Structures are given as C-alpha cells and as structure tokens.
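J.: Read off the chains here:
There are 2 protein chains.
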Amino acid sequence: MTLTFAAPSNDKAELEIGSAFTPRFDEKGLVTAVVTDARDGELLMVAHMNAEALALTIETGIAHYFSRSRNSLWKKGESSGNVQAVQEIRTDCDQDAVWLKVTVAGHDATCHTGRRSCFYRTVGVEGGEPKVTISDERRYFDPKLVYAEK
Amino acid sequence: MTLTFAAPSNDKAELEIGSAFTPRFDEKGLVTAVVTDARDGELLMVAHMNAEALALTIETGIAHYFSRSRNSLWKKGESSGNVQAVQEIRTDCDQDAVWLKVTVAGHDATCHTGRRSCFYRTVGVEGGEPKVTISDERRYFDPKLVYAEK
Numbered sequence: 001m002t003l004t005f006a007a008p009s010n011d012k013a014e015l016e017i018g019s020a021f022t023p024r025f026d027e028k029g030l031v032t033a034v035v036t037d038a039r040d041g042e043l044l045m046v047a048h049m050n051a052e053a054l055a056l057t058i059e060t061g062i063a064h065y066f067s068r069s070r071n072s073l074w075k076k077g078e079s080s081g082n083v084q085a086v087q088e089i090r091t092d093c094d095q096d097a098v099w100l101k102v103t104v105a106g107h108d109a110t111c112h113t114g115r116r117s118c119f120y121r122t123v124g125v126e127g128g129e130p131k132v133t134i135s136d137e138r139r140y141f142d143p144k145l146v147y148a149e150k
Numbered sequence: 001m002t003l004t005f006a007a008p009s010n011d012k013a014e015l016e017i018g019s020a021f022t023p024r025f026d027e028k029g030l031v032t033a034v035v036t037d038a039r040d041g042e043l044l045m046v047a048h049m050n051a052e053a054l055a056l057t058i059e060t061g062i063a064h065y066f067s068r069s070r071n072s073l074w075k076k077g078e079s080s081g082n083v084q085a086v087q088e089i090r091t092d093c094d095q096d097a098v099w100l101k102v103t104v105a106g107h108d109a110t111c112h113t114g115r116r117s118c119f120y121r122t123v124g125v126e127g128g129e130p131k132v133t134i135s136d137e138r139r140y141f142d143p144k145l146v147y148a149e150k
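Chains as they are written, first to last, in full-length UniProt numbering: chain A, 1 to 150; chain B, 1 to 150.
Quick caveat, the hints were computed from the structure, so don't treat them as lab data. Some hints here could point you the wrong way.
Remember, identical chains collapse to one label, so a pair may be satisfied in a single copy or spanning two.
Stated by the list, open to error - Restricting the straight-line Cα-Cα distance to at most 30 Å, the calculated cross-link-like pairs of lysine-lysine (DSS-like) are:
(1) 12 / 101
(2) 144 / 75
(3) 75 / 101
(4) 131 / 144
(5) 75 / 28
(6) 28 / 101
(7) 144 / 28
Being a predicted model, the structure only gives us computed values, none of them experimental.
All chains should be modelled from the sequences, with the hints used to inform the complete structure.
T.: Take a look at the structure:
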C-alpha cells in the first residue's frame, strides 16, 4: 500500500468543493462503504473501510473492507470467489462515506447467505411489532459448500 | 412514538432468517441508513438512525434520521422542503443497516449543496495523490436561499 490520505480539512467548503480526497475516518478509523452493482444499481451490501482497505481498493481495483467482527482486513470474495471489481468510487459531501459500483465475480452474489444482495428482507409492522419478510429467496450458491471449501 | 425494538438475538441464524426486526444498534445506538431514489435506484445519501428515528420513519412513512453533528433527531427536509416519503424499508443479513427507497418532495434534491445526490464526486488518483472530481454539477436549489428562509 502506497496511497495515503491527508487529514480532512476543518473547512467545510474545502471538504465539499476541494479537489483532495481526504476521507473523514471515524474514531475507529472507518468510513462507511455502500456497494451497488454497476450493471443495474442494485444495493448489494454496506460495509466499512479503514485507510488500508480504502487504499488497497483504489490501488488494486478490487474491493477490500475492514471486518469489524473479525477486526481485520477483508478481501471480499476471498473464500467464496465472489470478488468485487470496482468500476467507480464516489464520495459524499462530507467525505465520511464512499460508494463503490462493482462487478461481482464468481456466483454473482454478495451475501454470505447465498443471495445476490444482503438486503433480502423488507421491514414492516404486524400486530404492532416490527417484522421482516423475505423479499428475495433466490440463492446463487450454497453457503455450506462454498465456505466449507476452505 | 409507540413502536419499540426488541434486543437482537445472539443467534446469528435468528437474525438472518427469523421474522422479528431487531436492529443491531451500535454502541452509540445507531444503525446505518442507505437512501436511494425509489424511481431509479440512484444512491442519494447515507445517514444514521437511532431507535426513535427508525420508529418514526416506520410509523409516519417520512424519513427521520439522527444527526451526529447536531446530536439530535433530524426530520430530513424540514428546512429545505425536500422531505423523503418512504416507499420501502429493507434490512440486511445482520440487521445493522437499513435501506430506504424514497420519493423526494420539494426540489427533488437530497444534498444540502443543492445537488440531487450527496455522492456527486468520483474518487481517483492524480500524481500519486487521492483526488475527487465533480461528476454532477447540476443544482436543484440554491442553498443560500433555501437555508436562509428559516
């Protein structure tokens, strides 16, 4: 990793209209990453990146994240083959989030449950209680087989 | 606000396939909210919600967030008129993020800079330095006029 990020300016205008990409990592050193399919814009997942993951993503064109549960760098698709080739990276007005438009290799699926997107459930209310109902049941791979391979 | 959320299960399978919506608020009491335009899926913004904002959003059908900079409940569009009517809410496999598909009222714009989306800049590298270039310069409103009205 050779790419480094300068500290963000305290000047809001500089963050919004300046030419420097100075991500505003939070107190844990992370920015939010929103990942959509470059083909049709479908939301695939939301994850987090530290400076190393973000630099590796920019330099290699392959999406890397920081796994908060494993507390380590995470090359998405390393186990499943569902690697994400990054077509475009955008950032938002205050530079605390990035948007990756990706092409998914392997099974063309992103969720570890085997589905195309992690957002396979719709939120609603039933009998006064917040509920989820499955909107997408199609599986692109069998997690038991794919994650057992390692 | 009458809707309350039960604590998330420690059982991963229950979180992934159960019928209860039990958002996994982080240590600050927040989940990530990804907001897209219900018409064409364009990513408009990323924000955060506490339990109150999430309940209000579900109950009223109008997007509410928690402003981390102001440390308070935030009804999006209260100043600008660019209120978001929620068409669908989804959640992801581990229930720590929600996806709102919205219809934007007012100027049909979401970013406080007057643009349709907060993600108006593309990230790249120039001379070894991380840079941003503006991909969307179109303004739907003049922030000086809109935010001065208050």
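J.: Of the numbered hints stated previously, which ones are contradicted by the structure, given in increasing order?
T.: 7
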